[in-house]
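Engineer: Going down the list, the sequences are from chains A, B and G. Residues in the first sequence are numbered consecutively from 1, following my numbering. Residues in the second sequence are numbered consecutively from 1001, following my numbering. Residues in the third sequence are numbered consecutively from 2001, following my numbering.
To be clear, the hints were calculated from the coordinates, so they are not data collected in a lab. Small disclaimer: the values here were computed from a predicted structure and weren't measured.
Lysine-lysine pairs mimicking PhoX-like chemistry, simulated, CA-CA at most 25 Å apart:
id, chain 1, residue 1, chain 2, residue 2
1, A, K160, B, K1028
2, A, K160, G, K2096
3, A, K39, B, K1149
4, G, K2142, G, K2096
5, G, K2242, G, K2024
6, G, K2198, G, K2096
7, G, K2096, G, K2146
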Amino acid sequence: MNRRVLRRWVSNFMVGLMVVAVIIAVLPLLFILLNLVIKGAGSLSLGFFTRVPVPAGETGGGVANAIVGTLLIVGAASLIGVPLGVAAGIYCAEYPGSRLATVTRFVADVMNGTPSIVVGVFAWTLIVARQKHFSGLAGSCALAMLMIPMVMRTTEELIKLVPNSLREAALALGYARWRTSLGIVLRTALPGIVTGSLLSVARVAGETAPLLLTALGSQYFSLNLNQPMAALPLTVFQYAIGPYEEWHRFAWAAALVLILVVLTLSVLARLATRRRFTFND
Amino acid sequence: MATTSLPESAQAAPVTLHGSRAGDRLFKIVLTLAAIAIPLLMGFLVSELYTGAHLAISRYGVRFVAGSTWDPVAEEFGAFPLVIGTLLSSFIALLIAVPLSLGVAIYITEFSPKFIRQPIAFVIELLAAIPSVVYGLWGIFVLIPILRKAVFPFLRSVLGFLPLFQGPIYGPSMLSASIILAIMVMPFIMSVAREVLLAVPGSQREAALALGATRWEAVMSAILPYARSGIIGAIILGLGRALGETMAVTMLIGNRNEISASLFAPGYTMAAVIANEFSEAATDMHFSALAYVAFLLFLVTVLVNAAARLLIWRVSRGPTGGKGR
Amino acid sequence: MTEPTSLLATERLTAMYGKFTAVKDVSLQFAPNTVNALIGPSGCGKSTYLRTLNRMHELSPGGWITGRVLLDGEDIYGPRVSPMQLRRKVGMVFQKPTPFPTMSIHDNVAAGLRVNGKLHRGELAEVVEQSLRRAALWDEVKDRLKTSAVALSGGQQQRLCIARTIAPRPEVILMDEPTASLDPGGTQHIEELVFELKKEFTIVIVTHNMQQAARVSDTTTFFYMGNMVETGPTRQIFTTPKEERTEAYITGRFG
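Just chain A, with the same shape it has in the complex (with noise of 0.2 Å):
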C-alpha cells in the first residue's frame, strides 16, 4: 500500500517538474517580446523609418537605408531563391527514384545544416573577394543558399500529396506532362508551396551572420545592390555593440520592427495551411 503511494507521489511530482520546464521554457519568450515593446515601441516615430542614420554621436535619424536595404537585399534573394528551390523541388517529385533526386535531396539536407556563417564565407569567397568590394547582392545570394533547401522540401512534400489520380485524369485527357504538372499538379500544391516561400523569407530576414561578410551594412541610403547596403539585423547588431545610448535605443526599436516583420510572416504563414512542419527536416 505504501509502495503504491510513494510511486503515485513519484509520479506527480514528476509532473509538477515538468510544468515547471513549461514555465521556465515559455518564459524567455515573453520576456523577450515584453522588452521589446518597452524598449523599443517609444523610439518608433515616423522620423524612425524615414530619416537615415545620423552621424555618430548625434542625435535623431532613423534606419531608412535599413529597412529598404532588408527588403531589397530579402527581394533579391527570394527571387533567386525560390524559382531555383520550386524547381528542384518540382524535379525530385516527379522523377522521384532517379539518382539526381537522391543526390540532391542529401545535399539539400546538408545545406540546411549549414551555419549561415558559413554560407556567408562562401558568399564572400565567390563574389566579394572576385569583385573586390562588398555588395548587397552578395548578400542576396547567401540568403537565397539558405532559402532553397527550404523552399526546395516544402515543394517537393506538398507536389507528392497530391493524388496521382489527378495527374493521371489530365494525362488521360491529352495534357502534355508539362502541362499537367504545372497547370494541374503545381497549381494544386500552389498554397502550400506560397506558403513555405513566406516562411524562408521569415527566416532569412532575420539572419545576420552572412550579410556581416557580404552586405556589411551601411551609414548611407541607396538602392544599389552592387554596392555596401545597411539591413536591418545588421543595424540592430552594429548598434547594440555600439557605444552610444542612442543607438541602443534605436536598436531595440530596428528589433521591434524585425521581430514584428519576421514573427507576423511566420504566423501568418502556419495560420493559412494549418499543417505541421518540423524545423531541418
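Since the structure of chain A is provided, determine the placement of chains B and G on it from the hints.
Structural biologist: Just chains B and G now, with coordinates in the frame of chain A:
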C-alpha cells in the same frame, strides 16, 4: 437529351496521331538544371572554402587545431581555444536545454490537458522564429545584467569551491553565451522530440498502464525506450544548431581568445571569430586562417547533422529499443 | 492494308510490367457505337489491357507492350504517334471521380478543349453546355458553372468527369470501373448515361460487377490471369458461355 450539333470549329479536327514533344523536353531540361544546381552549389562551397583555407592548411596542417595563439599581427594562428570554446558552449547549452526540452516535450505529448497543447506548440514555433541577433540584443541588455548582479554571485557563493565558478565576474562570459544558446536551441529539440514521441504507438502506453504503472512509469518504461534513438537524434540536431550559432554567441561571450577554467570568464568560438574578424582581416594568411576555421566548422556540423538524421530516420522505421534487434 | 472493320482493335497484344506479364496475347475488336464490357476477377489484367488502349499503360513504372493496337487502322504505338494526340481521340473515365480542384465546373469541362485548339468564349460555352447535357448534369449545375467542382456529390463529380471526357469529342471512351465508388443511385445514372452515349461514341468498360456488364454492354469479354478466355455478344456469354472458366466465373464459383 437534345442532340444539337457542335459548331464547326469545335468538332474534333481530324487530329492525326502524329506530333512532337518539345514542351516536355524543355520542361525536363529546366527542371534538371535546377536540380543539378544544388549539388553544384554545394560542391562550389566546399571547394571555395578549401581553396581559401589552403594557405593556412599548407602552413599548419592538422596542428592548427592544437595551437593556442591567435595573433593576426604576428600572423600566428592556432584554433585550439576556438574549438574548445565552441564545444564547451554547446555542451553546457545542451546540459541546460535537454532536460528542459524533454520535460516540455513529454509533458505536452503525454500529460498536459488537451487545450494547452496547441498554444504551447505555437509558443515553441515563435521562439524558433526569433532571429539570433534579437536574442543577442536581449542577452546583452537584459540577461547579462541579471546574471552579473544576481545569478553569478549566487553561483560563486554556493559552488565557488569548483574552479568553474571562481574568478572575476564581468558579465559577458562562456556561461552567459551558453545560457542564451540553451534558450535558442530548446525550441528545436522540443519540436523534434515531440514529433518522435507522437510517433510512438498508443498501444505501448496503454499496455503499461494496464499493468498498473503510474503515468510517469508508463512514460519511462514503455515510451522513452521506444523513442530513444529519435530523442538522441533530436539532441544531436540541437547540438548541430548550437555549434553553428553565431550572432547571439558573439554578443555574449566576450570574444577573448583564451581558455579559462572559470565559466565566468570570456571565451571565443569558431563562428564568433569569423563574424568578428572577417571583414577587417588585412593579410592573406589571416583570411586563410579564418577560412580554415570555417571549413572545420562546416565539417563538424555536417558530420553531427548526418549522425542526427541517421538516428531520427531509424526511429521512423520501427521500434528500436537499443542496440540491434 | 486491309480495310478496318472495327474502330478499335488489338492484335496479339501483350502487356508487361518489367518482366511480369500482365496481359498475354489478346486480339480483340471493338465495333463503332457499341458498349464492350471487360470482366474478370481481381488481378486478371482487364484494367491493364484497358490502359494499353490509350497508352496510359506505358506511364506505369516498367510498363511496355508487344503487339499492335489499331485505331481506325493505324497502330497507335507507331514511332511517329504522339500519345497526347492519341488520348484526345481515346478518352478515359476513372474509378474515382477526379475533378480538378482548382477549377470551376465550367473550366473542368473545358479543360480538354483548351489543349485541343483555339475556341473563343462563345463556342466554348456552347460545347460545355452540350457536354454537360449529354452527361445528364446540365440541369443540376447550370446555375453554378463558375463554382468549384469539388463541391459536387460523388455521382455528380463522376458525371462531370464524363462531361469533361466527351467534350473534345473523342472516338472511344474507356471506363475503368466508373461506378465502383458510387452509391446505387449514382450508379444507375451512369449506366443510363452509357446507354445514351453509345449513340455517338464507342465505349469499352471494365467492371467487376457482372450484373452491370449484363445490363449495359453489347459485347462482353472474360479475362482470367492475363488471358482473354472468351469474348462474344453479351447475351451469349451470360446464357451459354462456351468456356468452362467463363461459366464458373459467371455463376459465382470464384471471383
